[in-house]
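Given only the sequences and the hints, what does the whole structure look like? Please build it.
Here is what each chain is made of, one letter per residue.
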Amino acid sequence: ETGVTQTPRHLVMGMTNKKSLKCEQHLGHNAMYWYKQSAKKPLELMFVYSLEERVENNSVPSRFSPECPNSSHLFLHLHTLQPEDSALYLCASSQDLASAEAYEQYFGPGTRLTVT
Amino acid sequence: QQQVKQSPQSLIVQKGGISIINCAYENTAFDYFPWYQQFPGKGPALLIAIRPDVSEKKEGRFTISFNKSAKQFSLHIMDSQPGDSATYFCAAMGGGGADGLTFGKGTHLIIQP
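The listed protein sequences correspond, in order, to chains A and B. Numbers given in this note's numbering equal positions in the first sequence, counted from 1, plus 165. Numbers given in this note's numbering equal positions in the second sequence, counted from 1, plus 81.
A hint or two may mislead.
To list a few chain B residues with every Cβ distance to chain A over 10 Å, as calculated [as the list claims (entries may be wrong)]:
hint, residue
1, GLN95
2, ASN103
3, GLU107
4, THR144
5, LYS152
6, MET159
7, THR183
8, GLN193
Simulated crosslink set (DSSO-like; lysine-lysine; CA at most 27 Å straight-line) [stated by the list, open to error]:
hint, chain 1, residue 1, chain 2, residue 2
9, A, LYS187, A, LYS205
10, A, LYS206, B, LYS152
11, B, LYS86, B, LYS152
12, A, LYS187, B, LYS139
13, A, LYS187, B, LYS123
14, A, LYS184, B, LYS123
15, A, LYS183, B, LYS186
16, A, LYS206, B, LYS86
Computed, partial: chain A to chain B, Cβ under 10 Å [unchecked claim]:
hint, residue
17, TYR198
18, TYR200
19, SER236
20, PHE240
21, TYR271
Honestly, the hints are just simulated from the structure, not real lab data. Glycine residues also receive a C-beta, built at the ideal position from the N, C-alpha and C atoms.
The structure is reproduced here in structure tokens:
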């Protein structure tokens, strides 16, 4: 595997379900991000992690719960979602947050989530 | 409040022509301006990026022009090819990665053969 991978690629869940999205980066990076891509809206930053520490929570509802067990893996735990949460959820990584290399973010292919 | 405004929303260009996409930003703390290319079913891929200390950066057929005083930057695709048909996003970031990237809404580019 190379780059940033995400599983599953597609997910359909009911509003009462609990599911998790997984992201893995194979780039040796120290920072990871969750973004939400909805139709007709710009990509929105959800969470930022640096060395497994959360550094940004962009006013995201508590029904989205991130977890970063190590610098290579990032999870997004989902529970009691709403239909308007249907979107493409993208994971990204960068070298770190402070250096010039920090600015280059590499994205995974995303998980297409549909909430019914 | 949308901090990065992108236009046009969609663009059709003939093969061999020049595709031009424009973005304007509001936050003067931004110091990094990348462009991403996204194909259907794929995540955004970094295409080219510029810092505000230069006015232009060129990589192959792709050029970013940057106007700091106007707070505008644009992507030019020279000799546009059908394989360039994709959605293009401008973005901006400042002060390191903690705030993530602020994206424009995207431009759906179609290159007609």
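Worksheet item: Which hints from the list above does the structure break, by number from lowest to highest?
Response: 7, 12, 15, 19, 20
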